[in-house]
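2 protein chains.
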Amino acid sequence: MALIVAKFGGTSVASPERIKNVAKRLVRIREDGNEVVAVVSAMGKTTDELLGLTNAITKNPPARELDRLLSTGEQVSMTLLAMALEELGHRAMSFTGRQAGIKTDAFHNKAKIAEVHNERIVEALDEGIIPVVAGFQGIDENGDITTLGRGGSDTTAVAIAWGIAADVCEIYSDVDGVYTTDPRIAPRAHKLAAVSYDDMLELSSAGSGVLQSRAVEFARTWGVVIHARSAFSDAEGTYIKEDPEMEKAVITGIAHDTSEVKVTIRAVPDSAGVAARVFSALAEAMVNLDMIIQNVGDGGVTDISFTCPGADLSRATAAMDAILPQIGARGYAVDEDIAKVSLVGTGMKSSPGVTAKMFSTLGDNKINILAISTSPIRLSVVVDAAQATAAVQCLHTAFGLDSDSVFKETQLSAEEIAAKMAKGR
Amino acid sequence: MALIVAKFGGTSVASPERIKNVAKRLVRIREDGNEVVAVVSAMGKTTDELLGLTNAITKNPPARELDRLLSTGEQVSMTLLAMALEELGHRAMSFTGRQAGIKTDAFHNKAKIAEVHNERIVEALDEGIIPVVAGFQGIDENGDITTLGRGGSDTTAVAIAWGIAADVCEIYSDVDGVYTTDPRIAPRAHKLAAVSYDDMLELSSAGSGVLQSRAVEFARTWGVVIHARSAFSDAEGTYIKEDPEMEKAVITGIAHDTSEVKVTIRAVPDSAGVAARVFSALAEAMVNLDMIIQNVGDGGVTDISFTCPGADLSRATAAMDAILPQIGARGYAVDEDIAKVSLVGTGMKSSPGVTAKMFSTLGDNKINILAISTSPIRLSVVVDAAQATAAVQCLHTAFGLDSDSVFKETQLSAEEIAAKMAKGR
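In the order they appear, the protein sequences are chains A and B.
In this text, residue positions in the first sequence follow my numbering: the first is 1214, and each later residue adds one.
In this text, residue positions in the second sequence follow my numbering: the first is 1214, and each later residue adds one.
Please note: incorrect hints may appear among the correct ones.
Which copy is meant is left open, so a pair is good if it fits within one copy or across any two.
[Stated by the list, open to error] Listed below are the simulated DSS-like cross-link pairs for lysine-lysine, each with C-alpha atoms no more than 30 Å apart in a straight line:
id, residue 1, residue 2
1, Lys1454, Lys1316
2, Lys1272, Lys1258
3, Lys1258, Lys1325
4, Lys1562, Lys1404
5, Lys1272, Lys1237
Derived from the structure by calculation, the hints contain no laboratory data.
Full structure from sequences and hints, please.
Encoded structure:
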């Protein structure tokens, strides 16, 4: 007998048929003797469709109106799921963010949860009702609807799990857990039974798409245990919790990210304050710099490279077009064909040989390192995109992560593969 | 300078392009020096699509969940319209039924408005904001969303017009006003400048689709002036108000309705209480009886006919299949090819010759009357569907309603014709 929050993403509720399957799953959790609260995202592509309608009307939608518009997506899926549960003979009741007591600040489109008042949900549970909560949304002090931004439904689920003191927050999606690396790239990748919050945060920010960083941060802060698992199978997934005993490897997993670009500024005058002017201009343009590489100066000028998300590139080039003539730099080159490969592991802190082993492994495999960045539990390198797969595979083997069994994509059902391919959840 | 409530139906907001046109219209009202509150229905077929999703999940949706689901339709259109207004440089703010202060009873799916608290709307107007209100929805004592049933958005508009003491409630739709009869049937029909509440109620219940009866009833009770006009032209429409001076004709208009069916029960024993048992059974089966015709008995048995909405027919036949064997009737026949033609006019009360003139006109034109019913200001006959057009035309001429100009369908734009054809707003 446990108290469970079960969150289902947009792919899992994309059609009435899938909503019925989610209802059956929830009923099974109940019939196993547990209490359960469901949290849902909007059906499939609903949010994109609503954004499409918005774009046809204005390029600058008022934030308050946009939030209210987007919040309707979850209100549709939650009511349909409540109906499907009732159809199976179980009492169910849907709750908007407001009714579920998710109070946020007033930063529309990316609100942060300020308070959680789950009295109505607890009351419903006490009456034997399955509460179905709209993810992604809350209400601010003015009584206006807010949305939580990307990954908001995961955050709602974790917040409610904390609010009702649930035993676990189950996040159901189209992937069945956290792997040592993407099994489509390294077929000997294996699923991790458990990952620490810190490792999960590094994996998420380094490109692993299983969980959104914000939800993991919230879970770490409030001590909520997450269980990331498949919506399409009963297999155990991966637990995200404090310092899991079962994983003693130095490296927990390897993430890769092909969404960044590398920009090299040519012949920047090598004098005090010049580089600072460039990076101030980029910061003002809201460019999220990841890595910065400044070469040794030669003849009074130097090349400076940096990486940033591809989505920030147009802002970055606009900023450079304005500042580079002022400082007398020669120009810049953009390389979009790069990949960032990151080793992540809390165990890295007490194992000084990791960096050397990573470099020698990549060198032995003739993989050129373009840039490096580190955190206490992460080591990232930028390589040519064409060498990314080879880099992940040789590192996965070198750090002892290979499993005995080989992952075959054909082990997945057609639906699972389709779901995996459907990006942008 | 007037205070105007302007309501736009689903056809008028069916696409981003049309929503932009509605916004331009509202801006014109403002720029003419008026204050305006917009009320909107859901976009086009949204409500039908939501009902389709529901049907794929359950045949018996819980009323509370269904209302919340359906209410999302207006929340989408209202936010998009508010965005379109802001895009035109005007401040706008959307309000759900709850925020607009529409309090209802708890009869989900067909709630009645209990109280109207429009403080937030008045505040917004005072700040120079154009409020955009979701039609069709309110909130009950428990804080749950309710919907007002068919024609609910018109009722919302009238209620808000009353709540803020507006000068007029403009109902924009795909028809440009109330005609003496359907101009597609009688091309010499003319648009009425004004109609009394009583006449409008009779016209609506006799089949004229321009306004929903509930909204007209509400307007009559609370003295709200309605202006029914076209969303696609600037022409004046028809005012619905108390005892308009400008219309002195005995007959205001002629409505027709082909949605009813006629049922004849054969050889019912002509003894006390037998007919009552039949009609009790029909009432229990929720069949809305319109007209009842009992012929003179002959040989201890008699035929009884009644008309009812075609939508009630399956319930009627089920009830008769159960009761007729018990009372010894011979069986029943159904005639679906009938039409009801109704003369409506408050002036009828003081003109005793109307019935005779109607009968002689129909007789001269060899149109057979199958059934008759009357109210103080309405006279309805049932005729063969094949003769309905001829009946409307000859009565329209006989009662002096013909205009000098002939209505041509080609006076309408392609969009207006398409909109006219789109039933089921």
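Q) Tell me, which hint numbers fail for this structure? A) Nothing - there is no hint that the structure violates, so all of them hold.
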